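Asks: Model the full structure from these sequences, guided by the hints.
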Amino acid sequence: MEISSRHHLRSDAVDELNENLEETVGVTIDADTFELAELADTDYDIVLVDGEPLVWYVDDEPFLTVRGANAYPPEKNVVTVDAGAIEFVSGGADVMRPGIVEADDSIDEGDLVVIQEETHGKSLAIGRALVDGEEMGGDSGRVVESLHYVGDELYEFEP
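By full-length UniProt numbering, the letter at position 120 of the sequence shown is numbered 120, and the numbering carries on one by one without gaps.
Watch out, some of these pointers could steer you wrong.
Pair by pair, the computed Cβ-Cβ distance ranges are [what the hints assert, rightly or not]:
id, residue 1, residue 2, range
1, R10, D82, 39 to 49 Å
2, E145, A40, 17 to 27 Å
3, S11, A83, 38 to 48 Å
4, V101, A40, 13 to 23 Å
5, E145, D32, 12 to 22 Å
6, R142, D32, 20 to 30 Å
7, H8, D139, 17 to 27 Å
8, D50, D105, 31 to 41 Å
9, E2, V101, 24 to 34 Å
10, A40, H8, 18 to 28 Å
11, G110, E158, 36 to 46 Å
12, A13, T42, 15 to 25 Å
13, G137, S4, 18 to 28 Å
14, E153, E23, 22 to 32 Å
Derived EDC-like pairs (lysine to aspartate or glutamate); straight-line CA-CA distance at most 20 Å [said to hold, decoys possible]:
id, residue 1, residue 2
15, K76, E22
16, K76, E2
17, K122, E109
18, K76, D41
To be clear, the hints were calculated from the coordinates, so they are not data collected in a lab.
All values reported here derive from a predicted model rather than from experimental measurement.
From the three backbone atoms N, C-alpha and C, an ideal C-beta is built for every residue, glycine too.
Replies: Written out as structure tokens, the structure reads:
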């Protein structure tokens with residue numbers, strides 16, 4: 001991944017970013033610097049928060065990266081998986097119903113979600129809900145499409 005341009009966000013842009021994050025995941029990021037980094041070889045941009053890639057834009061919508069979700073644990077749009085799912089989800093697999101322990105009932109189909117493991121609450125991946133939160137439990141079927149996960153190119157990115 002290569003940065004094609006990088007510039008500091010104005011205070012009103014930071015306020016808008018934080019309003020979006022508050023609405024989607026219930027967090028506000030408090031930091032000294034926010035820089036928008038446009039990437040040459042991807043279809044998304046990232047925001048470097050104090051130099052760390054903590055926010056990315058998915059379809060022009062700001063959302064936490066896995067690193068961002070671990071630095072600022074989300075209060076909403078969280079899907080929790082059991083220990084048996086950790087290896088698969090951390091490797092980029094979509095989330096299947098049998099691995100889900102809990103899902104936020106306010107999740108709507110199409111929402112971006114943070115996938116966490118149940119023991120320590122660590123974020124493993126970011127995905128897009130394929131069904132509403134109350135429909136995520138069950139015996140079979142894919143319910144979250146994985147978009148970004150521990151160990152992928154974005155997770156490993158060092159500006």
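Asks: Give a verdict on every hint.
Replies: Each hint tested on the structure:
no.	hint	result
1	R10 <-> D82: 39 to 49 Å	43 Å, holds
2	E145 <-> A40: 17 to 27 Å	25 Å, holds
3	S11 <-> A83: 38 to 48 Å	43 Å, holds
4	V101 <-> A40: 13 to 23 Å	39 Å, violated
5	E145 <-> D32: 12 to 22 Å	34 Å, violated
6	R142 <-> D32: 20 to 30 Å	40 Å, violated
7	H8 <-> D139: 17 to 27 Å	49 Å, violated
8	D50 <-> D105: 31 to 41 Å	33 Å, holds
9	E2 <-> V101: 24 to 34 Å	38 Å, violated
10	A40 <-> H8: 18 to 28 Å	19 Å, holds
11	G110 <-> E158: 36 to 46 Å	31 Å, violated
12	A13 <-> T42: 15 to 25 Å	20 Å, holds
13	G137 <-> S4: 18 to 28 Å	42 Å, violated
14	E153 <-> E23: 22 to 32 Å	28 Å, holds
15	K76 <-> E22	9 Å, holds
16	K76 <-> E2	31 Å, violated
17	K122 <-> E109	23 Å, violated
18	K76 <-> D41	31 Å, violated
Checked against the numbered hints above, the structure breaks hints 4, 5, 6, 7, 9, 11, 13, 16, 17, 18 and satisfies the rest.
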